[in-house]
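**Q** Here is what each chain is made of, one letter per residue.
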Amino acid sequence: MSLIELSGIDKVYRTKEIETTALENVNLTVDKGEFVSIMGPSGCGKSTLLNIIGLLDKPTAGTVRLLDTDCSTLGDNAMSHFRNANLGFVFQSFHLIPSLDVASNVELPLAYRSGMSASERHRRVDEVLARLGISHRKKHLPTQLSGGQCQRVAIARAIVGRPSIVLADEPTGNLDSKMGAEVMDLLHSLNTDDGITIVMVTHNEAQAMQTDRIVRFFDGRVIS
Amino acid sequence: MKNKLKQIIYDMRTQPVIAWVTVIGTALSIFLIMTVVMMQQVNVMSFAPESHRDRMLYGMFFNREMIEGENSSSASLSYDMAKRLYAELKGVEKTAYQTLGIEKVDAKGTTGEKFTVDTRQTDDNFWEVYDHKLLEGRYYTADEMMSERKVCVVSESTARRLFGGESAVGQYFELDHKDYEVVGVVANSSIFASMAYAQVFVPLDTDASWGEGGFGPFMASLLVEKGVDFEDVRNQVKARYAEVDAEIKPEGFRTVYHGAPFDQEIIASGHRGSNTTPDTSSDRYMRYAIYAILLIVPAINLSSMLHSRLRRRVSEIGVRRAFGCTKMRIVADIIAENLIVTIIGGIIGFVLGIIFAQCYDGLYTDPTGTAARPALSILLNWTILGIAFGTCFFLNIISAAVPAWQASRLNPVEAINAK
Chain Z
3 MSLIELSGID KVYRTKEIET TALENVNLTV DKGEFVSIMG PSGCGKSTLL
53 NIIGLLDKPT AGTVRLLDTD CSTLGDNAMS HFRNANLGFV FQSFHLIPSL
103 DVASNVELPL AYRSGMSASE RHRRVDEVLA RLGISHRKKH LPTQLSGGQC
153 QRVAIARAIV GRPSIVLADE PTGNLDSKMG AEVMDLLHSL NTDDGITIVM
203 VTHNEAQAMQ TDRIVRFFDG RVIS
Chain R
99 MKNKLKQIIY DMRTQPVIAW VTVIGTALSI FLIMTVVMMQ QVNVMSFAPE
149 SHRDRMLYGM FFNREMIEGE NSSSASLSYD MAKRLYAELK GVEKTAYQTL
199 GIEKVDAKGT TGEKFTVDTR QTDDNFWEVY DHKLLEGRYY TADEMMSERK
249 VCVVSESTAR RLFGGESAVG QYFELDHKDY EVVGVVANSS IFASMAYAQV
299 FVPLDTDASW GEGGFGPFMA SLLVEKGVDF EDVRNQVKAR YAEVDAEIKP
349 EGFRTVYHGA PFDQEIIASG HRGSNTTPDT SSDRYMRYAI YAILLIVPAI
399 NLSSMLHSRL RRRVSEIGVR RAFGCTKMRI VADIIAENLI VTIIGGIIGF
449 VLGIIFAQCY DGLYTDPTGT AARPALSILL NWTILGIAFG TCFFLNIISA
499 AVPAWQASRL NPVEAINAK
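Just so you know, the sequences run in chain order Z and R. In short: position in the first sequence from 1, add 2, done, that's my numbering. In short: position in the second sequence from 1, add 98, done, that's my numbering.
Just so you know, nobody snuck in bad clues.
Pairs of lysine to aspartate or glutamate residues, derived as EDC-like cross-links and limited to a Cα-Cα distance of at most 20 Å, are as follows:
(1) Lys18(Z) <-> Glu512(R)
(2) Lys181(R) <-> Asp222(R)
(3) Lys425(R) <-> Asp78(Z)
(4) Lys100(R) <-> Glu122(Z)
Just a sample of chain R residues kept apart from chain Z, beta carbon distances all over 12 Å, derived:
(5) Phe145
(6) Val203
(7) Arg236
(8) Ala306
Hints in this document: simulated from the structure, not taken from any laboratory. Yeah, the Cβ is synthetic: ideal placement off N, Cα and C, and Gly gets one too.
Please model the complete structure; the sequences and the hints are all you need to start from.
**A** Okay, here's the thing in structure tokens:
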């Protein structure tokens, strides 16, 4: 069953003087439980594609279907709710909120979910922090953590809402090889143990090789 | 809420200048608005001895002009004219007659100290229309007024200054080179009770007048019955003007009616012109315009401060959007955070306002220091609290709305990647 279906996706950035094509006729399907890597040189449109899958950006043409929902027809609020319920994001630069401690950062997606009690939110946060081995850092601010710990917190934040899909944009790009390997182990465990579908943008061939499938990009097009 | 507080504390640590300028700017704005409102309120709201301002009307002036020619006269009233225009009006519970202003005269008591006191002539009804607190003795009577007895009622601090620690009642002192007997002592009143205030009250001299024409030093204070429309009273007064008009017509004069008697709002607006009709609506608009300026100017500054604070949080806003925060929630969160900062500033401003009101003697007490300040309870009332809180709220909305709206419109991708 396809969880992600992209058909005929174009993305063109237009200014008064210039028109830049970031994606051209991209067709891609990702099945439930797959771990897919997207590779390609810088500027080839990998992150643009990830943003479109994540409903953070809209394609110029084409349709995006996620979990059997035609997301092209969703309004802004509906997209926000869809993201909150079904998608998790892991960024290269972690993007933790500096004013909030680890627990509050992880709790963030749940704070936007209506009908969940505070005690339930805290229970879920504690559960995911324990699973990722960072419970002892619960009250620490992001500035008090190492890069690897920051990315663990970011992953915890991405999965605390129990999303079907996690989108990771170069999740090991800012980490040393040891910490990068730990993060990759974590992502694989989420994929295999929890059945979370993962789409990861990476420049790291070795890490990509560990995933189920590699989608290669060049100049905005899928080449393999 | 907890996270919003965390964010504010973080802002104060990481952007101390902007955060503190915001708090102090808000505090000063609230302080300024509160001071203006308090100065206005103290002239409008009821407090002893003017405990019924909402039911008071004041007949202060009489105006007449030549039917042919350009000469016109306007001034306060003679006792006779005051009674002619304002006695026994329907819907009026009690009418008091008194001098329009206070007269400064010399006084000397048993202490031997000679000093200037503020005196006011009143009739006996004055003590019923106004709410002076009698501490000792009694008020003077209508008989004493008609028989021109030299008796008086003095304020508490004046009694102390005249007679030291001794009881004042029954004692005599020199007032404007005449000996007066003190029959009563009342609590000090604030100079902001401008119609009821004096340090020495003496019976009204019914003969005091300024020549012919109904002019003299007096005015009428009308305590209107509850629920009676002021316009009904004004219409009766207007009819009496018409009666006077008919009488003075053969002499070549006619009356000019300027909307008397005035209510407290007109008095508070500073309208003292005896020959103009007060325009309460334009006074009100002017007041609102001043409030608006006092709100908008700091709001623009606070808005740019918030803009600077948010510029550092663009990436965070993008991340929040990615995790499902709606645009409206972004706006609401920013406004809520800003409201907390505004309320902190508001509380500081409120405290500053109260301290200012209590400390600045020149504003709230008379130069001799014998008049009372308005009690703190007068300044700290629900209206002032409401205005301070309302000001905080509006200041927050108008300063935060634009930056919050702009932040909510950020493209999530560009926001996440913003430096």
